[in-house]
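Student: Protein chains in written order, with the working numbering: chain A, 1 to 361; chain B, 1 to 361; chain C, 1 to 225; chain D, 1 to 228; chain E, 1 to 228.
Just so you know, the hints here were simulated from the structure itself, not pulled from any lab data.
Quick reminder that beta carbons are idealized off the backbone N, C-alpha and C, glycines included.
Just so you know, not all the hints are guaranteed correct.
[Stated by the list, open to error] Among chain E residues calculated to face chain D with C-beta under 7 Å, some are:
| hint | residue |
| --- | --- |
| 1 | Leu45 |
| 2 | Glu47 |
| 3 | Ala48 |
| 4 | Ala51 |
| 5 | Val60 |
| 6 | Phe63 |
| 7 | Leu82 |
| 8 | Gly84 |
| 9 | Asn116 |
| 10 | His158 |
| 11 | Phe185 |
| 12 | Val188 |
| 13 | Leu211 |
| 14 | Val212 |
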Amino acid sequence: MLRFDLSKKLGETELLPLLHFKGQIQLTGICTLFGDSGAGKTSLVRALAGLDDDFSGSVCFKSNSWQGEKHFVRTEKRKIGIVFQEPRLFPHLDVLANLQLAGKKADAPLYTIKQLAEILGFSDLLHKRSRQLSGGQKQRIAIARAILRAPELLIMDEPLASLDKPSRLELLPFIKKLGEQIPTLYITHNMQELFYLSRQMLLIDRGRVEAIGDPNLLFLDARLSLVKHAHSGLLIEVNKITWQPMFAMASGRIDGQAILLTGYQEREEKALPDKLQIKVASKDIIIATRPIKHSSLQNCLQVTILQIEPLVAGVALLTLTTGKQKLLAKITRKSLIELKLQPNLVVFAYIKAMSIVGEAE
Amino acid sequence: MLRFDLSKKLGETELLPLLHFKGQIQLTGICTLFGDSGAGKTSLVRALAGLDDDFSGSVCFKSNSWQGEKHFVRTEKRKIGIVFQEPRLFPHLDVLANLQLAGKKADAPLYTIKQLAEILGFSDLLHKRSRQLSGGQKQRIAIARAILRAPELLIMDEPLASLDKPSRLELLPFIKKLGEQIPTLYITHNMQELFYLSRQMLLIDRGRVEAIGDPNLLFLDARLSLVKHAHSGLLIEVNKITWQPMFAMASGRIDGQAILLTGYQEREEKALPDKLQIKVASKDIIIATRPIKHSSLQNCLQVTILQIEPLVAGVALLTLTTGKQKLLAKITRKSLIELKLQPNLVVFAYIKAMSIVGEAE
Amino acid sequence: DFAPIKVAVASNFRNSLTEIAANYTVQSGQKVLISSASSGTLYNQIRHGAPFDLFLSADQKRAQLIEQSALGVKGSRFTYAQGQLAFWVPRQQAKVDLTTLKQYSGRFAIANPRLAPYGLAAEQALKALHLWRQFSYVQGANISQTYQFIESGNVEAGLVAYAQLLQNPLLKAEQYYLLPAHLHQPIVQQGVLLAAAKQPEKVQQFIDYLISAEVQALLREKGYL
Amino acid sequence: MLSELDSSAILLTLKLAGLTTFILLLIAPPLAWWLAHSQRIFRPLIEALVALPLILPPTVLGFYLLIAFSPDNPFGQFWLSLTGSQLAFSFSGLLIASIIYSLPFVVQPLQSAFANLQKEYLEVGAMLGFNGPERFYRVLLPMLLPSFIIAGGLGFAHTIGEFGVVLMIGGNIPGETQLVSIALFDHVESLEYGQAHLLSLLLLGFSMALLVVIYGLLQKRQRALQYA
Amino acid sequence: MLSELDSSAILLTLKLAGLTTFILLLIAPPLAWWLAHSQRIFRPLIEALVALPLILPPTVLGFYLLIAFSPDNPFGQFWLSLTGSQLAFSFSGLLIASIIYSLPFVVQPLQSAFANLQKEYLEVGAMLGFNGPERFYRVLLPMLLPSFIIAGGLGFAHTIGEFGVVLMIGGNIPGETQLVSIALFDHVESLEYGQAHLLSLLLLGFSMALLVVIYGLLQKRQRALQYA
Ligand SMILES: Nc1ncnc2c1ncn2[C@@H]1O[C@H](COP(=O)(O)OP(=O)(O)OP(=O)(O)O)[C@@H](O)[C@H]1O
Ligand SMILES: Nc1ncnc2c1ncn2[C@@H]1O[C@H](COP(=O)(O)OP(=O)(O)OP(=O)(O)O)[C@@H](O)[C@H]1O
Ligand SMILES: [Mg+2]
Ligand SMILES: [Mg+2]
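Based on the sequences and whatever the hints tell you, model everything.
Tutor: Right, here's the structure in full:
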């Protein structure tokens with residue numbers, strides 16, 4: 001458990017006269033920090049790391065009080081590994097020396113430099129200086145450095161922001177696995193990362209903690225500042241996974257209804273997990289009032305319309321339910337009118353595409 | 001026209017022993033530089049800007065030779081506005097003074113500081129110092145600085161990397177418009193930005209220019225290193241745009257076939273453009289052998305299958321044509337088998353979702 | 001025992017004293033340690049506890065001040081040398097004499113009258129000759145600086161110590177004119193035994209040697225009176 | 001209270017220290033830049049040469065300068081033919097000597113700052129269209145202002161206190177080469193302690209006041225940079 | 001060639017300069033850090049105080065130190081009761097005086113470097129688990145090595161050349177407090193030019209060699225940092 005109640009005055013004339021962060025988060029897996037540019041994400045993690053002593057208030061990490069009225073545990077004693085928003089490699093050291101320095105005070109790092117170099121793909125860069133690295137290379141080395149510190153808490157401030165998509169997709173599973181070994185605070189602007197990595201999300205808005213909770217629920221809540229991101233899609237849990245050798249594809253069930261999992265890599269039958277999480281983008285759902293035949297649409301769920309909201313001109317957002325789980329669907333006003341859709345109507349929701357997000361617990 | 005042939009030896013033991021960039025690009029609109037982390041994008045633009053005199057070779061900008069065997073025009077004489085990969089604001093100056101400094105040598109900037117502050121959303125930050133800004137705020141100010149330089153060429157190195165999605169979506173149209181006024185080289189890892197902004201793309205791979213051309217064509221070419229990104233979708237041109245007041249929606253034609261444009265903002269009828277570019281993701285196309293009725297699927301194109309390629313297990317990629325234009329569609333192997341699809345077959349392609357990318361010329 | 005005698009000597013006499021002390025050590029076996037600085041510096045040091053046995057000042061005043069204070073041994077003050085002033089014009093072809101001095105125009109080097117006894121004497125002599133207002137002066141902080149001003153060619157002429165001139169192997173007799181001693185108060189260099197001396201008898205023996213006829217004769221050869 | 005000589009010495013000292021600092025602040029930055037960044041093989045030699053005036057005791061340095069300034073020697077001769085006047089015992093001579101002697105004190109704090117400077121900011125300067133000199137005064141100077149002030153302050157203070165060299169080549173000519181340091185030395189040597197204390201106090205008081213004001217402004221700026 | 005006195009003076013000088021530089025490199029960094037970053041109102045005052053020894057001519061400074069070191073005064077008395085020996089005219093006295101006098105030369109290049117340091121790197125140091133002193137020697141020192149070398153070199157060179165203060169405080173006692181600078185001064189004063197030139201050459205040669213080696217190593221490291 002990480003509990004904090006921290007505040008800092010920035011000055012009356014400021015855009016944000018006061019930063020005040022209060023909340024508590026579970027230290028299992030990755031907790032994502034999400035919010036607009038300038039909302040205060042970096043400020044919060046810096047305060048938690050003890051890097052900004054202008055913050056007053058309290059911080060409790062597990063059973064230790066890191067900051068209170070009369071005491072302040074210094075950063076170096078908090079055992080936090082930080083990937084700063086800028087890489088901050090030491091310019092006078094080569095990559096290897098930068099990483100070795102990180103191990104000086106580490107008790108038992110989970111990985112060796114060599115392992116990390118392989119995982120993060122910088123084995124060839126060990127003897128380069130910071131100046132000779134590309135932006136993305138620096139970021140990968142900064143990640144390795146934070147891990148080598150053998151921290152009890154890992155803070156990553158947009159660590160993958162300047163990586164290309166394939167590298168990012170390659171690293172995400174590693175970060176997710178890491179998060180299961182070391183509690184992690186992860187700042188990102190990327191919703192794919194957010195949904196893939198986190199079971200817990202801390203929403204920051206204008207210098208405050210606006211909400212803490214399951215990203216799924218927060219993205220469903222139209223009262224939050226998230227509303228501008230919402231409608232992009234929700235996570236759904238699929239269980240009873242089995243393998244369909246004929247189509248080289250796995251299938252499963254959502255609240256009892258069968259579904260085929262596209263995009264899931266081939267695995268041996270016994271290695272299949274029990275449950276999976278998938279993300280269905282709201283624009284990937286097709287609503288039909290009768291079943292569709294003779295098409296490439298494979299996945300059909302029978303759902304009930306819960307709510308119909310107008311979005312931008314010409315587009316409406318439907319909230320659907322399969323019983324226990326919810327889905328969002330974006331359709332045109334034209335369809336809405338032609339199909340005469342209304343709340344409580346039962347319709348067919350065809351899922352055109354989905355992404356496998358991870359194995360559910 | 002920007003023509004260059006530049007090379008730099010990095011050393012035999014290096015990952016990339018040699019950087020060698022050769023090519024020529026049109027100076028109309030934005031040219032995107034795309035490539036993996038460490039491919040050499042930053043190195044190329046630095047060489048073009050005259051910031052790395054270890055490069056030998058030649059650079060010609062319009063009718064001026066910037067670098068040749070015996071001469072080298074210094075950066076300060078090249079009139080280039082650069083948004084560096086890191087913001088690099090002067091720490092001893094506040095935002096306003098940073099921006100004013102940029103105007104010192106500018107002949108006739110397109111925008112005033114005030115206008116840029118409004119467009120880029122930093123009006124409230126003018127009296128802050130670099131240390132007091134968030135990562136995304138710094139980046140926005142670095143963009144403004146490069147514009148205020150009144151450059152003849154604009155270079156932006158991942159300028160939006162640390163912005164939240166709503167801010168990014170807000171800024172993209174501005175950058176696109178800017179690109180029409182000042183030729184721009186734009187480095188990004190984000191495919192949405194790439195497709196939205198660029199008519200021309202420079203693909204960098206392992207220290208070389210791998211290809212230059214229309215992103216649509218390059219992403220269609222399986223021989224390029226892009227193959228790992230491909231199959232995500234293509235741009236399509238829509239013409240004869242008209243307004244459908246009943247559905248608050250615009251419609252148009254693709255190679256003569258009618259289509260409804262979702263997601264296009266309301267506009268007065270006369271302000272509608274003649275042509276639009278839309279992007280259709282390959283996973284957003286549904287193939288049917290007979291027309292689909294009673295569903296929210298609105299847009300149907302009759303297309304001919306050109307090619308069928310297996311992708312990962314269980315998924316196939318179809319290349320379709322409407323006559324002149326091409327579309328990619330990703331479908332499951334199961335559908336492929338069940339619908340008995342083959343090259344040269346005429347099928348119905350339903351477009352579930354699309355994004356409006358911009359007005360075509 | 002063989003604890004050396006520590007002598008504090010004004011810089012301008014350091015050379016001569018080194019030679020004298022070396023002779024003395026050969027004769028008596030007694031070692032002499034020489035520390036030199038300007039008389040003013042030595043005076044200040046002695047006042048603040050410098051561990052010297054004997055103070056050889058370049059003037060009379062500072063030796064007197066020490067003698068009168070608790071730092072010196074009353075009645076131990078003695079004159080060990082008396083300097084002579086010479087008018088030196090190294091680049092002169094004809095023989096330098098009083099007329100040369102009287103007709104000289106240009107910058108004139110002397111020692112600072114406030115700091116150095118040779119400077120004071122120079123001022124007195126030039127005033128006696130009614131020449132004081134005739135020149136513009138360049139002042140050395142001590143007599144050796146004054147000598148160097150002239151020697152280096154930066155000043156053409158000036159009043160220096162005769163003892164210094166005699167050290168110069170290139171010196172020719174035409175280049176200088178020895179000023180008559182009556183033109184200024186005698187440039188007496190006095191010494192005083194310091195109260196802090198651990199072995200006053202040994203020091204007194206050295207003083208006796210210093211003022212012995214043998215040494216005084218040597219000093220006359222070296223340009224002292 | 002203060003003798004006329006002493007007060008004219010004060011004025012002269014201020015003039016010398018001011019001019020020396022000014023000239024050094026013109027000469028030192030390019031030299032310091034070169035020393036901080038050149039990859040020439042002989043750079044360490046030049047670097048050591050700059051520090052050299054420190055190694056010799058000032059009086060001895062002054063002695064050698066005296067020889068160099070003499071019209072018998074090429075440099076002194078050159079100067080004489082150029083300006084018609086002699087270098088030794090003149091204000092110009094003092095100025096040249098002070099510049100040589102105080103050079104390392106101005107060069108080295110600057111070099112220390114330049115050596116750690118991130119060249120990135122100069123690239124920004126070039127991007128903004130500034131040429132070399134403009135980058136110096138639009139980017140480097142304001143960014144490294146504390147170092148320039150420290151360097152200037154050190155040079156100024158040192159020129160005020162310098163003494164051995166100016167004693168040797170100044171010749172203590174009232175109004176022309178008689179500086180406070182020499183006057184102060186005179187007072188101490190001639191056992192005029194009262195005047196020595198007074199002049200010391202005055203010199204220290206004035207210099208302290210000046211330095212406190214400059215350093216105070218510097219601190220204020222720093223505060224503004226961090227907390228405004 | 002070289003008299004026995006001169007060679008013992010050289011050894012003594014090296015000992016003094018080495019020790020002074022060593023001690024200054026211990027004292028100066030924290031002081032310079034404080035001067036570069038403190039927001040205390042009295043910081044400019046301390047900053048000016050550090051520069052103060054420069055303002056007074058060395059002999060005069062030496063004179064006041066002499067007074068302070070005298071057993072008649074509290075400080076001198078304190079020292080006497082502590083160590084049983086007098087401070088003036090002893091090696092310890094010389095050492096203390098040299099430290100005071102050379103302090104600004106070591107502090108100010110460091111301060112100049114610290115003032116421009118980006119604190120970001122110290123935050124990384126803290127993140128990596130290093131406490132204050134560890135951050136100093138694991139982060140600051142290696143990162144700002146050029147500045148430390150410049151500062152140390154300046155302090156060393158200056159201590160070698162210093163003369164006014166040590167003459168006053170030391171008393172020019174052969175073998176005990178007679179340093180090369182004083183011996184050299186003596187030679188010049190007593191018109192022993194041959195010995196003066198020889199000693200100057202030796203001093204310059206040795207110091208140059210030392211500095212060239214140090215600065216050369218520094219340059220080599222710099223080259224490695226940029227081009228390796
Ligand atoms: N020292 C400071 N003084 C005044 N304002 C500050 C200071 N530090 C940060 N701020 C302000 O606090 C707000 C939060 O900054 P912070 O860096 O935490 O944002 P962020 O959420 O990390 O944004 P980004 O995603 O752009 O990195 C910003 O508006 C910033 O201008
Ligand atoms: N001075 C240098 N010496 C040696 N290698 C260098 C130097 N500068 C860059 N490189 C190497 O050149 C390659 C290209 O670097 P560059 O910064 O151009 O990449 P990039 O395409 O901008 O990557 P990113 O998207 O991560 O910013 C990298 O592998 C880098 O390690
Ligand atoms: Mg941030
Ligand atoms: Mg890059």
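Student: Against each hint, give a clear statement of whether it holds in the structure.
Tutor: Each hint, compared with the structure:
1. Leu45: Given a least distance of 6 Å, the restraint on Leu45/E holds.
2. Glu47: Check passed: Cβ of Glu47/E comes within 4 Å of chain D, closer than 7 Å.
3. Ala48: Nearest chain D Cβ about 4 Å off; hint holds.
4. Ala51: holds, 5 Å
5. Val60: holds, 5 Å
6. Phe63: Where the cut-off is 7 Å and the nearest Cβ of chain D is about 5 Å from Phe63/E, the hint holds.
7. Leu82: violated, 28 Å
8. Gly84: violated, 30 Å
9. Asn116: Result: holds, 6 Å to nearest chain D Cβ.
10. His158: holds, 5 Å
11. Phe185: holds, 5 Å
12. Val188: holds, 5 Å
13. Leu211: Result: holds, 4 Å to nearest chain D Cβ.
14. Val212: holds, 5 Å
Checked against the numbered hints above, the structure breaks hints 7, 8 and satisfies the rest.
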